[in-house]
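Q: Protein chains in written order, with this note's numbering: chain A, 29 to 948; chain B, 3 to 120.
Since the hints were derived computationally from the structure, they do not count as laboratory data.
On a predicted model such as this, the values are computed, not experimentally measured, just so you know.
Quick reminder that beta carbons are idealized off the backbone N, C-alpha and C, glycines included.
Nothing false has been slipped in among the hints.
A short, non-exhaustive set of chain A residues, derived as facing chain B with CB atoms under 10 Å:
| hint | residue |
| --- | --- |
| 1 | Ser714 |
| 2 | His718 |
| 3 | Ala729 |
Using 20 Å as the maximum straight-line C-alpha spacing, the simulated SDA-like pairs for lysine to any residue come out as follows:
| hint | chain 1 | residue 1 | chain 2 | residue 2 |
| --- | --- | --- | --- | --- |
| 4 | B | Lys86 | A | Asp710 |
| 5 | B | Lys92 | A | Thr715 |
| 6 | A | Lys55 | A | Leu45 |
| 7 | B | Lys84 | A | Leu761 |
| 8 | A | Lys838 | B | Asp35 |
| 9 | B | Lys84 | A | Leu724 |
| 10 | B | Lys84 | A | Asp710 |
| 11 | B | Lys25 | A | Met735 |
| 12 | A | Lys721 | B | Arg34 |
| 13 | A | Lys721 | B | Pro105 |
| 14 | B | Lys84 | A | His718 |
| 15 | B | Lys86 | A | Thr715 |
| 16 | B | Lys86 | A | Thr717 |
| 17 | B | Lys86 | A | His708 |
| 18 | B | Lys25 | A | Arg746 |
| 19 | B | Lys86 | A | His718 |
| 20 | B | Lys109 | A | Leu748 |
| 21 | B | Lys84 | A | Thr717 |
| 22 | B | Lys92 | A | Glu711 |
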Amino acid sequence: MIESGLIISFTFGYLALLFGIAWFSEKSAEKGRSLASNPYIYSLSLAVYCTAWTYYGSVGRAATNGLEFLTIYIGPSLVAPLWWIVMRKIIRISKVQRISSIADFISSRYGKNITLGGIVTIFCLLGILPYTSIQVKAIANSFATLQNSGTTVGSLASIPIYIDTAFYLSIGLAVFTVLFGTRKVEATAQHEGMVMAVAFESIFKLVAFLAVGVFVTYFIYDGFGDIFLQAELRDFDHLFVFSGENSGSEWFWLSMLSMMAILFLPRQFQMGVIENTDEKHLDKAMWLFPLYLLLINIFVIPIALGGLVHFDSGIVDADTFVLALPIAYDQGWLALLVFLGGFSAATSMIIVSTIALSNMLSNNLVMPIILSNNRLREKYQHQLGTLVLWIRRISIFSIILAAYFYYREVSGYFSLVSIGLISFVAIAQFTPAIIGGIYWKKGATPGALAGIIAGFFIWFFTLVIPTMVTAGFLPQSLMDEGLFGWSALRPYHLLGMEGMGYVSHALFFSLSVNLSLYVLLSLYATQTSKEHNQAVVFVDIFKYSTTMDSSIIWKGQAYLPDLRSLLDNFLGKEKAALALQDFTLRTGRELGVKNFADPELVIYSERVLSGIIGAASARILVGSVVKEEEISMEEVLNILRETQELKGLNMELKKKSKALKKATNELQEMNETLRLNDMHKDEFISTVTHEMKTPLTSIRAFSEILMDEDLPPEDQNRFLDIIIQETERMSRLIDQVLDLEKFDSGRQNLNLEKCDTRILILEASESMIQVFKEKDLKFDLDLQFEELYMYVDEDRIKQVILNLLSNASKFAKSKVMLKSFINSGRWTVQVWDDGKGVPEEDIGFIFDKFFQAKNQTSKKPVGSGLGLAISKKIIEYHNGEIGVSKGGDLTCFQFSIPAESSEHLNKNYISTNEQNIDRR
Amino acid sequence: MNKILIVDDEPNILLSLEFLFKKEGYKVFIARDGEEAMGIIEENIPELVILDIMMPKVDGYEVCQYLRQYHEKVKIIFISAKSKQQEIEKGLSMGADLYVTKPFSTKDLVGKVKNLLN
Numbered sequence: 029m030i031e032s033g034l035i036i037s038f039t040f041g042y043l044a045l046l047f048g049i050a051w052f053s054e055k056s057a058e059k060g061r062s063l064a065s066n067p068y069i070y071s072l073s074l075a076v077y078c079t080a081w082t083y084y085g086s087v088g089r090a091a092t093n094g095l096e097f098l099t100i101y102i103g104p105s106l107v108a109p110l111w112w113i114v115m116r117k118i119i120r121i122s123k124v125q126r127i128s129s130i131a132d133f134i135s136s137r138y139g140k141n142i143t144l145g146g147i148v149t150i151f152c153l154l155g156i157l158p159y160t161s162i163q164v165k166a167i168a169n170s171f172a173t174l175q176n177s178g179t180t181v182g183s184l185a186s187i188p189i190y191i192d193t194a195f196y197l198s199i200g201l202a203v204f205t206v207l208f209g210t211r212k213v214e215a216t217a218q219h220e221g222m223v224m225a226v227a228f229e230s231i232f233k234l235v236a237f238l239a240v241g242v243f244v245t246y247f248i249y250d251g252f253g254d255i256f257l258q259a260e261l262r263d264f265d266h267l268f269v270f271s272g273e274n275s276g277s278e279w280f281w282l283s284m285l286s287m288m289a290i291l292f293l294p295r296q297f298q299m300g301v302i303e304n305t306d307e308k309h310l311d312k313a314m315w316l317f318p319l320y321l322l323l324i325n326i327f328v329i330p331i332a333l334g335g336l337v338h339f340d341s342g343i344v345d346a347d348t349f350v351l352a353l354p355i356a357y358d359q360g361w362l363a364l365l366v367f368l369g370g371f372s373a374a375t376s377m378i379i380v381s382t383i384a385l386s387n388m389l390s391n392n393l394v395m396p397i398i399l400s401n402n403r404l405r406e407k408y409q410h411q412l413g414t415l416v417l418w419i420r421r422i423s424i425f426s427i428i429l430a431a432y433f434y435y436r437e438v439s440g441y442f443s444l445v446s447i448g449l450i451s452f453v454a455i456a457q458f459t460p461a462i463i464g465g466i467y468w469k470k471g472a473t474p475g476a477l478a479g480i481i482a483g484f485f486i487w488f489f490t491l492v493i494p495t496m497v498t499a500g501f502l503p504q505s506l507m508d509e510g511l512f513g514w515s516a517l518r519p520y521h522l523l524g525m526e527g528m529g530y531v532s533h534a535l536f537f538s539l540s541v542n543l544s545l546y547v548l549l550s551l552y553a554t555q556t557s558k559e560h561n562q563a564v565v566f567v568d569i570f571k572y573s574t575t576m577d578s579s580i581i582w583k584g585q586a587y588l589p590d591l592r593s594l595l596d597n598f599l600g601k602e603k604a605a606l607a608l609q610d611f612t613l614r615t616g617r618e619l620g621v622k623n624f625a626d627p628e629l630v631i632y633s634e635r636v637l638s639g640i641i642g643a644a645s646a647r648i649l650v651g652s653v654v655k656e657e658e659i660s661m662e663e664v665l666n667i668l669r670e671t672q673e674l675k676g677l678n679m680e681l682k683k684k685s686k687a688l689k690k691a692t693n694e695l696q697e698m699n700e701t702l703r704l705n706d707m708h709k710d711e712f713i714s715t716v717t718h719e720m721k722t723p724l725t726s727i728r729a730f731s732e733i734l735m736d737e738d739l740p741p742e743d744q745n746r747f748l749d750i751i752i753q754e755t756e757r758m759s760r761l762i763d764q765v766l767d768l769e770k771f772d773s774g775r776q777n778l779n780l781e782k783c784d785t786r787i788l789i790l791e792a793s794e795s796m797i798q799v800f801k802e803k804d805l806k807f808d809l810d811l812q813f814e815e816l817y818m819y820v821d822e823d824r825i826k827q828v829i830l831n832l833l834s835n836a837s838k839f840a841k842s843k844v845m846l847k848s849f850i851n852s853g854r855w856t857v858q859v860w861d862d863g864k865g866v867p868e869e870d871i872g873f874i875f876d877k878f879f880q881a882k883n884q885t886s887k888k889p890v891g892s893g894l895g896l897a898i899s900k901k902i903i904e905y906h907n908g909e910i911g912v913s914k915g916g917d918l919t920c921f922q923f924s925i926p927a928e929s930s931e932h933l934n935k936n937y938i939s940t941n942e943q944n945i946d947r948r
Numbered sequence: 003m004n005k006i007l008i009v010d011d012e013p014n015i016l017l018s019l020e021f022l023f024k025k026e027g028y029k030v031f032i033a034r035d036g037e038e039a040m041g042i043i044e045e046n047i048p049e050l051v052i053l054d055i056m057m058p059k060v061d062g063y064e065v066c067q068y069l070r071q072y073h074e075k076v077k078i079i080f081i082s083a084k085s086k087q088q089e090i091e092k093g094l095s096m097g098a099d100l101y102v103t104k105p106f107s108t109k110d111l112v113g114k115v116k117n118l119l120n
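The shape of chain A in the complex, shown without the other chains:
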């Protein structure tokens, strides 16, 4: 249907695209614009979890075992919310301790134990290599399926290597991985390009899978309902019930298994921990990643059922339904897209797993061996950095080629269907040592070592041996009768256990033994001081991550030149100098005294080296240039305690200085308030004296006139009248000033009495009627309630109303109106006038003392300028509000007082009073 040449060019074209994306991202990162450092790319990169096994295998499993395939996705989704606790802690530890892989992590935790790191590395290799090889197989199979348009092909392994496309693709992948996985010698460094390429692949495989899903569901069939109906007609409904292999306990174990896998699979650790640039990205990944899993699984069942319905049983392998269906319906381009989707799923797994494994191989297996051998160490002494890189590059090629040959030579014998799950069980063996290691300080090396080794043996016995039996390497009797003929040692039925699926069975036994050994041996083991130190730092990482340097204890002597040459060796002279500079800058310490290195520098150097060659190797290297003294456990504990106390003290100090700063601020504010108060007081006094001088001037002038002149009696009387008027004016002013002062200082008392507000308003209005008549103003009175008795200071309220009416009379052109009503429990009085109104900008100040006086170079009202200020005080004392507003051409001054019970009012009045006293 599609020519081989076309398929091959698309495939290599896709690979070229990956190179392009990775290259572009690396360039971009070098310019300081990191594309990969965001939560979305991070979440997508985690989707490396979905391999070709997901892509093709899920449908295969769904076609045979029904819904069970979902367990592989349920586990990670369930555990995702816990990432914030577990994963964040692992990330923090790894960043602080410069950990480069899962093997490094375990080895670091248990006193940088070399053996442990090596064993974890070997087990990872054993567990992951077959898994990698099924990716190669998936590529080869899908390629052949596409090429041969869906008919089942003969043994692919019989094709000579030199014309096997899978071989060339493997080489291509190895080149990619070397190029973008070993650019930097630091194993802890982020691989921007690789991450971006993987994120892209995650999108690509999702889109391809959704495309074929939509095609099968909506184009071949009539939606989900139709597919399920057809499946039911053909008796496939057994796939949707829990029974036998599909039982509840099976679901439980498989979900548990995938929970562990998502955290500790080397590729997940690489993407989730090593490539993480910001712990906060977990926040989004916690829901984005499960969402991704949901999306990629939506169409699994429809495709599986569609395939079962379309192809008569047995003709087409269910693992290839995804590809076979588009081919069967003659959709060439869709088939090609699906093939590339599967290719992307396989390649991302191969790339990331290989990088992770190569780091482990170089840092935890090869380097420790070279470094502990004096002859070898001396031989490579001056090119250790390059050596590490080349070990990694060779490892990558070896691993990928090994996977390829494993697929060619071994896949013929073994059933590869469950290799994914078998890998998962192998990885699950690290769980006790890791989880225990970060939450339990007593977890010790012997426990971890014994647990992992025992777990692995059981894994090997219960899962690997049976595949060898199936392949014919071992006799079938081993399965039926057990090892040495003991029926308790049958690989699928340890201790005679029946009724469990073989994966659950293996997981159950291996993990139980592993965990028991870990706990028991840890309880009885004594940790060395170094190990205890690491244990405390791991468990309490959030306490130590800021004071790391002082919490690692080390005693001994090191020659500075030795240490320096060690760093030069790995980092190159330039970077080493930078690292040393960084040290002095960050710690503020000298590199050392004379030729002896500062103890902290030794620890710092070890950490820098850890990032390159792993904790265990770094330990050996640094150990080779220093003379160490063993520290007693007591010393370790003391120093750790001191560190914590110091931190506590530091916090106390911080708190104190914060409080001091706050106090200073408060003091400053208070000072400012006082200064303002002072200024206001000055201003007030100068305004008051100014206001008094005006009547005084008139009084003096007329007095002098009266004294000197021989005046006609009518003039005498007129002038005397003026003098009396002006004197009254002065008295009024003085009264008001005193009044206001009393209100301000809180010494004013209200004379609260029950009074009829209607009468109060009427009386106040009446005394103004004469004024309105004189000024030819129309006055309207509008009382909108029948009767209202309130506890108020009658004279004071009358004073306010008079003040408002008198102000209105001064500004009104033709009419003044007084309106009173009750609105939401408040007695409201409004005084309206049709004067020119209060300018917008003055509204905020109009109730200030002498506001008008202050602005009187431009307008001078008749009055003291204190009336509104006093009115405001009076109303506030009654717990009310006063304000001014505009309604059309009219200006409205209004006040309102809560029409509440007298007790309430009294209480408020008292509290107002107290507040005023406080303010003084």
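For chain A, the structure is supplied; the task is to place chain B on it using the hints.
A: Here is chain B on its own, set in the frame of chain A:
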């Protein structure tokens, strides 16, 4: 007969000064604010102006500036309740001949007017 303009927004001060200077034989004009004052000056240039500072519409300073610009020879006496040294200096620097603070002795004021006009 010398013409005097008295400008103040306080009716009683205006009344007293008008009475006083009429008695002294001057021809007295009165204005209640700066605007009114400038209107009078345009019609009838006085020899001397007794000028309050704080008034509505146009204040004393503005009237003073106006006079100094267009009618240089007119004598000006500020009368104001503003009695701070810097306020007095400000008034004089604007070109007033004298600055008298309120309240003042009417006798003194009359004497000062006489001196200025001779």
